[in-house]
Amino acid sequence: MLNEKLINAFDESAGLRYNEYLSAGDEHRFSLSYRLNRKKIINDSKENNCTFKTNASVRLKTALIALAFSIVVLAGFTSVAYVNGFRFSIYPDHSVVEIVPPDNAKEEITEYLRLSPKSGYTLTNESLSDSICTFEYKNGEKIVLLTQSLIDIPYHIDTEDASPQPVTFLGNEGFLISKDDDIQIVWTMDGYLFILVVNIDKNEAEDLFKTAKFENE
Amino acid sequence: MLSIYLSMVETEEEKSLVEELYIKYEQAMYRTAFSILHNKHSAEDAVHIAFVRVIKYLEKISSIPGNKRGYYLIIIVKNVSLAMMKEQNKYDDSKDISEFYDIEAQDSVEDEALSDISLQALVNALHELPDIYYEPLYLKLVLEMSISEISDLLGIAPNAVRQRIYKAKMKLRKIWGEKYAE
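As given, the protein sequences belong to chains A and B, one line each in that order.
Under the numbering used here, think of the first position of the first sequence as 1, with each following residue one higher.
Under the numbering used here, think of the first position of the second sequence as 218, with each following residue one higher.
It should be emphasised that the hints constitute simulated quantities derived from the structure, not laboratory data.
No experiment lies behind these values; they were computed from the predicted model shown.
Using N, Cα and C, we set each Cβ at its ideal position, and we do this for glycine too.
Below are the DSS-like pairs computed for lysine-lysine, each with C-alpha atoms no more than 30 Å apart in a straight line: (1) A:K213 with B:K257; (2) A:K5 with B:K285; (3) B:K273 with B:K303; (4) B:K257 with A:K179; (5) B:K391 with B:K285; (6) B:K391 with B:K303; (7) B:K273 with B:K241; (8) B:K277 with A:K5; (9) A:K142 with A:K118; (10) B:K384 with A:K5; (11) A:K5 with B:K396; (12) A:K142 with B:K257; (13) A:K39 with B:K285; (14) A:K39 with B:K241; (15) B:K273 with A:K106; (16) A:K5 with B:K388; (17) B:K257 with A:K118; (18) A:K39 with B:K273; (19) A:K39 with A:K106; (20) A:K106 with A:K138; (21) B:K277 with A:K39.
Just so you have them, the derived chain B footprint on chain A, three or more residues with Cβ under 8 Å: (22) 7-13; (23) 118-131.
Use the sequences and the hints to build the structure in full.
Now the structure itself:
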């Protein structure tokens, strides 16, 4: 057993060391790609960390959701919508999108959809992991943010004051949400989920991605 | 009313811990990463990678008292940043992994009699340990993490973890012997 005094000394030293990292400074405004990743991590932790769900909370949650659906159905409201096979659970400020994983759904990202260097866009930021990758491209004022992820978890999307429209993108069924000056296009392709956020129109985005290719790195 | 109950369940048990970590520590983690990498995109990547590692051991961080979580997160993001810097050939820690020591076979600091030693002297001695040695020792002895957990969390080989812990103890003995032992 570690001596209590030594633990106290470690704690005090840790506190001193931690304080050294707390120097005041301007608050950093994180980039869009980082914020998308942050949202994804928070959502992932909510959906996947079963160890954090106590049995009681799961039972209570299940009962409450069932009750909520009963009330919604009895009251004649629609809280669920389907667009091109994507299931939307609609809340006032966002929707939770669920996708039935196709047979070819990947379990790990092994190849990345990348824009051609000839597209005129330059890769300005990227974040890679086994389950989600984000690529930010710029061409002057035009910004393309592509997220490629696995399909196995629900995706949270901002649908406040906006509604998803079914679209076909690169020959794949998906949906489009137009909000402010940006559009989001979501589709599945080759066993992955793609979320594209752009400040150009859908046709221009589609033309841009016609020459995109999967690469291993 | 119903939505309030639903949001309470979500917030209390599943969502709030991770969100709280982001809200409380994200900026400090970013500043730590930026101080090492000097590039805002790389620093953001380091914070993101650190959080991915944190999520992997969410149970561990939930068991750590609130006042110790900040330092735990700083340790992680700092090591992620150092690894990124090493990848960019700006930092060489090869000397840290050049040898292998088996810490399990060594006498440990915690076995020594500490009853007659003042707390402040211990704090001072510990504070002289470089971070590279102090951090794995802290994770092992205070947070009771296994070598493989520390290895995973810091992104270094298990042997390097063992070696750093061993060296930490040796350095601590030396510091103590030179400056604080009567």
